[in-house]
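A.B. asks: Chains as they are written, first to last, in this note's numbering: chain A, 1 to 114; chain B, 115 to 225.
Please note that a few of the clues may not be correct.
[To be verified] Just the calculated beta-carbon pair ranges, DEER-fashion:
hint : chain 1 : residue 1 : chain 2 : residue 2 : range
1    : A       : Lys65     : B       : Ala210    : 29 to 37 Å
2    : B       : Glu129    : A       : Gly16     : 47 to 55 Å
3    : B       : Lys170    : A       : Lys18     : 43 to 51 Å
4    : A       : Met50     : B       : Thr181    : 22 to 30 Å
Worth flagging that the hints you see were computed from the coordinates, not collected in a lab. We put the CB at the ideal spot given by N, CA and C, even for glycine.
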Amino acid sequence: EAQVTQNPRYLITVTGKKLTVTCSQNMNHEYMSWYRQDPGLGLRQIYYSMNVEVTDKGDVPEGYKVSRKEKRNFPLILESPSPNQTSLYFCASSLSWTGSEKLFFGSGTQLSVL
Amino acid sequence: SQQGEEDPQALSIQEGENATMNCSYKTSINNLQWYRQNSGRGLVHLILIRSNEREKHSGRLRVTLDTSKKSSSLLITASRAADTASYFCATRVNGANNLFFGTGTRLTVIP
Chain A
1 EAQVTQNPRY LITVTGKKLT VTCSQNMNHE YMSWYRQDPG LGLRQIYYSM
51 NVEVTDKGDV PEGYKVSRKE KRNFPLILES PSPNQTSLYF CASSLSWTGS
101 EKLFFGSGTQ LSVL
Chain B
115 SQQGEEDPQA LSIQEGENAT MNCSYKTSIN NLQWYRQNSG RGLVHLILIR
165 SNEREKHSGR LRVTLDTSKK SSSLLITASR AADTASYFCA TRVNGANNLF
215 FGTGTRLTVI P
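Input sequences plus hints: build the corresponding full structure.
C.D. replies: So, in structure tokens, the structure goes:
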């Protein structure tokens with residue numbers, strides 16, 4: 001089944017403890033992206049990747065890192081999480097980024113930073 | 115600043131009625147897409163309309179696009195309880211490597 005898989009689904013951590021949220025897609029998609037969703041603010045892009053080894057900042061990249069060493073995986077890294085990073089996170093992918101591709105989303109990761 | 119904003123923020127209707135949601139955006143776009151989100155789950159793509167199209171249909175969905183007014187509407191006909199969800203418009207701005215999402219319309223369909 002074609003899908004974007006995120007793990008974990010829920011995560012509670014403490015300030016400053018490094019964490020990684022994994023994202024994997026099995027559709028051979030070139031484009032991958034991370035979003036955070038906060039009440040009243042909609043979805044905001046954190047980072048995106050046009051292809052392997054090509055990543056760039058979105059609208060809210062501060063406090064996050066990403067890597068794209070393989071086409072299927074695009075992990076989101078929080079080196080030193082803070083309470084303002086408490087949010088619902090989504091990974092998404094599309095075949096490419098040439099104009100009319102739709103995004104496929106993972107099920108989300110609810111992160112709470114205490 | 116947000117590219118797309120939906121209106122209304124929340125909508126409650128009876129099963130069988132039609133639901134209309136609107137989206138306004140600020141700059142020229144390549145295309146506009148509508149997504150659905152069930153209760154904190156991942157978004158699911160519903161329909162895409164290109165900037166040179168005015169109307170598009172998919173099943174019970176009808177989307178219109180007015181580029182002169184920078185607005186779009188999503189009509190769900192003969193709504194069902196299972197249509198209860200949040201609906202988001204997303205715009206693809208020319209030259210951008212992102213889809214800009216609005217804050218969504220929360221639709222409740224009462225059985």
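A.B. asks: Are the hints correct? Go through all of them and say.
C.D. replies: Hint by hint, here is what the structure shows:
A beta carbon spacing of about 22 Å between Lys65/A and Ala210/B contradicts the range 29 to 37 Å that was offered as a hint. Between Glu129/B and Gly16/A the CB atoms are about 49 Å apart, so this pair conforms to the stated range of 47 to 55 Å. The given range of 43 to 51 Å is respected by Lys170/B and Lys18/A, whose C-beta atoms sit roughly 45 Å from each other. Between Met50/A and Thr181/B the Cβ separation comes to about 27 Å, which falls inside the hinted range of 22 to 30 Å.
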